[in-house]
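Numbers 0 to 144, taken from numbering that gives the first Met the number 0, label the letters of the sequence shown in order.
These are calculated hints, taken from the structure and not from any lab test. What you are looking at is a predicted structure, and each value in this text was computed from that prediction instead of being measured. Don't take each hint at face value.
As the list claims (entries may be wrong) - The following label-pair restraints were derived from C-beta to C-beta distances: (1) P13 / R81: 14 to 22 Å; (2) Q74 / G140: 33 to 41 Å; (3) S76 / S137: 29 to 37 Å; (4) T82 / E12: 33 to 41 Å; (5) I75 / G140: 15 to 23 Å; (6) P86 / P63: 37 to 45 Å; (7) L107 / H142: 30 to 38 Å; (8) S76 / R50: 20 to 28 Å; (9) S43 / P106: 16 to 24 Å; (10) S137 / E78: 31 to 39 Å; (11) G23 / G140: 33 to 41 Å; (12) E25 / E79: 15 to 23 Å; (13) R141 / A57: 13 to 21 Å; (14) S76 / P46: 17 to 25 Å.
The beta-carbon is built from N, C-alpha and C at its ideal position, and this holds for glycine as well.
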Amino acid sequence: MLALALSLPAQAEPTDFTLNDLEGQEVNLSDFRGRWVVVNFWASWCPPCVRELPELAAFQRDNPDTQVIGINFEQISAEEARTFLEPMAINFPNLKIGETPLVPFEPLEGLPTTAIVNPAGEIVERHTGPVTADHLQSIIGRHRN
0 MLALALSLPA QAEPTDFTLN DLEGQEVNLS DFRGRWVVVN FWASWCPPCV RELPELAAFQ
60 RDNPDTQVIG INFEQISAEE ARTFLEPMAI NFPNLKIGET PLVPFEPLEG LPTTAIVNPA
120 GEIVERHTGP VTADHLQSII GRHRN
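Start from the sequences, fold in the hints, and give me the full structure.
Have a look at this one:
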């Protein structure tokens, strides 16, 4: 499988978005300003996404100072997404994709796609293809300095 990792130039302004979680509550990316954030786009029909979700949960468990956010990138109901995630004991918020593209996160080149957002709210790297907890550690470690 081909995986792409792109280091992105610094942004002029912090990025932000507002999406509803699977309970219908609004979540803003800026709510997590001051922390590293891992934004992961996934779909239930995507086998690499499904294999990656437990890795993201392990990363979240072992890195409480970093926030993982999942974004369900398909047209299923929030109830269907909750039912799908329930057996996996996911420990991070999952949001439903909205009607408007999340620029600069989109357009996506494939699923899963993971973006790393620094504490200032800047996307520092975007990765297409599955990631592991160790891979996320190395990406954030590379950008901390």
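Checklist entry - Looking back at the hints listed earlier, which ones does the structure fail to meet? => result Result: hints 1, 5, 6, 7 break, sorted rising.
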